[in-house]
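Student: Given chain A's structure and the hints, the job is docking chain B onto it.
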Amino acid sequence: MSRAEELVAIHEKKTLGFWIYLMTDCVLFAALFATFAVLRGATAGGPGGPELFDMPFVLIETIILLTSSFTIGMALLGSVRGYKTQTLVWLFITFALGVVFLSMELYEFMVLIGEGHGPQQSAFLSSYFTLVATHGIHIAIGLLWMAVVIVRLWRHKFKKTDVNRLALLGLFWHFLDIIWIFIFSFVYLIGGMA
Amino acid sequence: MFENILQAVFGRLTLQDFVHEPIMAGAGLSMVGALILAIIGITFFKKWKWLWRNWITSLDPKKIGIMYLIVSVIMLLRGLADAMLLRAQQVLNTNGELLNSDHFQQIFSAHGSIMIFFVGMGVIFGIFNLIVPQQIGSRDVAFPFLNSVSFWLFAAGMIIINMPMVVGEFSTAGWLAYPPLSGLEYSPGVGVDYWIWALQISGIGSLLSGINFFVTIIKMRAPGMTLMKMPIFTWSVLMSVTLIMFAFPILTATLGLLALDRTLGMHFFTSMAGGNPMMYVNLIWAWGHPEVYILVLPAFGIFSEVVATFSKKRIFGYTSMVIALVAITILSFTVWLHHFFTMGGGADVNTFFGIMTMVIAIPTGVKVFNWIFTMYRGRVDFKTPMLWFMGFIATFTLGGLTGVMMSVPALDFQFHNSLFLVAHFHNMIVGGVLFGAFAAFTYWFPKFTGFTLNETLGKFAFWFWIVGFFLAFVPLYILGFMGAVRRLDHYDPSLGWQGLFIVAGIGVAIICVGVFFQLFQIAYSVWKRKENMVTSDPWDARTLEWSTNSPPPEYNFAVIPTVTTRDAFWEMKQSKKKPTEPEYEDIWLPKNSGAGAIIGLLAMTFGAAVVWHMWWLAVVAFVGIVITIIIKLSDDEPEYKLSAAKVAKHELKTKLKLQEKTV
Chain A
1 MSRAEELVAI HEKKTLGFWI YLMTDCVLFA ALFATFAVLR GATAGGPGGP ELFDMPFVLI
61 ETIILLTSSF TIGMALLGSV RGYKTQTLVW LFITFALGVV FLSMELYEFM VLIGEGHGPQ
121 QSAFLSSYFT LVATHGIHIA IGLLWMAVVI VRLWRHKFKK TDVNRLALLG LFWHFLDIIW
181 IFIFSFVYLI GGMA
Chain B
1 MFENILQAVF GRLTLQDFVH EPIMAGAGLS MVGALILAII GITFFKKWKW LWRNWITSLD
61 PKKIGIMYLI VSVIMLLRGL ADAMLLRAQQ VLNTNGELLN SDHFQQIFSA HGSIMIFFVG
121 MGVIFGIFNL IVPQQIGSRD VAFPFLNSVS FWLFAAGMII INMPMVVGEF STAGWLAYPP
181 LSGLEYSPGV GVDYWIWALQ ISGIGSLLSG INFFVTIIKM RAPGMTLMKM PIFTWSVLMS
241 VTLIMFAFPI LTATLGLLAL DRTLGMHFFT SMAGGNPMMY VNLIWAWGHP EVYILVLPAF
301 GIFSEVVATF SKKRIFGYTS MVIALVAITI LSFTVWLHHF FTMGGGADVN TFFGIMTMVI
361 AIPTGVKVFN WIFTMYRGRV DFKTPMLWFM GFIATFTLGG LTGVMMSVPA LDFQFHNSLF
421 LVAHFHNMIV GGVLFGAFAA FTYWFPKFTG FTLNETLGKF AFWFWIVGFF LAFVPLYILG
481 FMGAVRRLDH YDPSLGWQGL FIVAGIGVAI ICVGVFFQLF QIAYSVWKRK ENMVTSDPWD
541 ARTLEWSTNS PPPEYNFAVI PTVTTRDAFW EMKQSKKKPT EPEYEDIWLP KNSGAGAIIG
601 LLAMTFGAAV VWHMWWLAVV AFVGIVITII IKLSDDEPEY KLSAAKVAKH ELKTKLKLQE
661 KTV
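So the protein lines, in turn, are chains A and B.
Quick note on this note's numbering: the first sequence kicks off at 1 and runs consecutively.
Quick note on this note's numbering: the second sequence kicks off at 1 and runs consecutively.
Think of the hints as simulated: they come from the structure by calculation, not from any bench.
Some clues are possibly wrong.
Stated by the list, open to error - Straight-line alpha carbon distances no greater than 25 Å define the calculated DSS-like cross-link-like pairs of lysine-lysine that follow: (1) B:K641 / A:K14; (2) B:K573 / B:K313; (3) A:K157 / B:K573.
Claimed, not checked - Across the chosen pairs, the derived CB separations fall in these ranges: (4) A:A4 / B:N54: 46 to 52 Å; (5) B:F10 / A:C26: 37 to 43 Å; (6) B:I40 / A:S103: 53 to 59 Å; (7) A:A4 / B:G224: 30 to 36 Å; (8) B:V9 / A:A96: 38 to 44 Å.
Because the structure is a prediction, the values reported are computed rather than measured.
For glycine and all other residues, C-beta sits at the position ideal for the given N, C-alpha and C.
Just chain A, same shape as in the assembly:
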């Protein structure tokens, strides 16, 4: 195998490995979703989903995250063509949307905890906070990763491996989007029904 072929093979291995990592993460979320499904009714006399969830607020959160999935796609398109500025601008927009999403989620948590409905109140709230916060932690990791990519692109020239990395970041971000759609559907829409 020539060196050039080897480098392509390395990239292919990384992509496959990352896909598999995402699938294992999917299993982790599946365990948390199952936990939520089991504990959904275990409110221990406290409030349940219908009383706690602010649906319009969550809808805005959802739209923001979905939009960020579009914008990171644009960044990716830019990077494939080698347009540095375009990539950076779209990445920055994605980053900002991610920060807004995360802040909104934290605000939602603070309101709930402030009203005395923290994760310690009931099994339902434990599972709700854990599932949503696990997604939030993933978003935070994605943001950290994005920040590193932005700084690197700002400072250095585009390398082939940078584009590859960005593609993996894109995968990660889209994956979190899909998980959020499930959270929105199962936790908020179904869980929020009376």
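Tutor: Same frame as chain A, but now just chain B:
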């Protein structure tokens, strides 16, 4: 004021936590003593640089594999010492004079956790690292650096689980820590936290390693080696890592939830505020049952190689072997509830899981028959690995049959939590995984050292092991029938159980003699290695790993072989074609990296800090891990080039050495 500062710095750690009762203190002191001796020894012989360059920072899977095995052997001895204490307590049946019940509980929890996570998992990852790249004709694993991280996370978990011998106490909640006993209410101490973080950290290492080997096998096979031309061992590894990918995230989630219950006062598994302890049991076994197949499938693979090689025949029923492996992999996710038929899931639920458990015995039975048919009309050479194989067939079949007995829910209500169950799973895991590991060790030892292990001592070890094994566990089956439950630190003498416990104790003592012979065998063989020097293919083997030099060069294969058939190396030896002059090429290998060890060290610090509630230290260690990862990942993995000329020179040198040996 002063107390507040102390608490902020040291969390719940006090000087009192260093005080232990005599037996534990003795064990702890000897452990610390051995560590200090090792450090003095390394300093005295000026080996730090060598250790750092050749081992700690190495990304060579062969070296990482050896490190896995070293850790596992040490942990095997620790687990064996635990077992001896447990049996001694049951033989003497004193009322807390040898071990009080609290200490007894800590020991059986440690015995189980260590044997599964730090012996079983360590052994299989050691063997994966050593064999898989060679067997598929590859120079490396897919992600060499990730491999190093996995190992050091495993090592970090190992250190955390041994910390209670020096500071604090271990969990008393058994190897799977069922709540509510493992919850904050009934286990307020640090024991369960030690258990959680040791397993969590090493479990993440296992998960990463699983991904690594999956990609390695999928992407890095030699040209021509299609999936159905892979050796059975590689197939078994592929299935085992597939299980790891699906099962270990569940463990991560479950341990995480238990940690949240204990540290942040949540209510997943508590018996109040809506918590559901049985959900923990379901989740942990959704990981736990696949876990036993994660351990035993590679052992199946090992025995498939051993029995084919020593019978001088290709494996009987290759395709059915592969189908059986895949079937076990899928079915292993449909049987978890048989660990707790007594939950009260109802007749229909229990029936489903009972039948699925019986079904999973079918592919396993297929494999047993295939192995036996491989021996049939073969020219069987009864070397030590083959003895381990024969021992395995006997113990594993016995264990399998008792397993099918317990798969009947109505019967299981009798056996649940009894010593019958304990005897069953020791039959499977010792007779399956451990015997497999011993066979692998003897079989592949010359591959990595260039000399074989002493046969006579190996046979002694085997016979002591097998006799001791049956003496140790058959009485437990009988005791189980008589109503003895597991985790029993004393019983009423009028029950008449003591005689059987004494027999079991004698069995453990005989196993210890076997282990002594194994250690002596290694020492003796290394000492007399000049007498046992062999060429690269001492067993006239069939698979590619034997086509490289023994010990293999860092790059494994100077020229990547092209595969056309199953048992590729055997066919190469059979074909009359003269080997063509090899065309060497430049080889790129990963540069050493200390980042894996640093991440391991920080992860260990993080785990210990969370156990003791030293939050500042946990934050520091966590930030350290993140920074290390960012620094390491934001650059391409550095590699160095071994030029074709250098490879040619190295190959010539080994060739001359080999000729010297055969003369």
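Student: Each hint needs a verdict: does it hold in this structure or not?
Tutor: Status of the hints after comparison with the structure:
no., hint, verdict
1, B:K641 / A:K14, "holds, 21 Å"
2, B:K573 / B:K313, "holds, 14 Å"
3, A:K157 / B:K573, "violated, 52 Å"
4, A:A4 / B:N54: 46 to 52 Å, "violated, 32 Å"
5, B:F10 / A:C26: 37 to 43 Å, "holds, 40 Å"
6, B:I40 / A:S103: 53 to 59 Å, "holds, 54 Å"
7, A:A4 / B:G224: 30 to 36 Å, "violated, 22 Å"
8, B:V9 / A:A96: 38 to 44 Å, "holds, 39 Å"
Hint compliance for this structure: hints 3, 4 and 7 are broken, all remaining hints hold.
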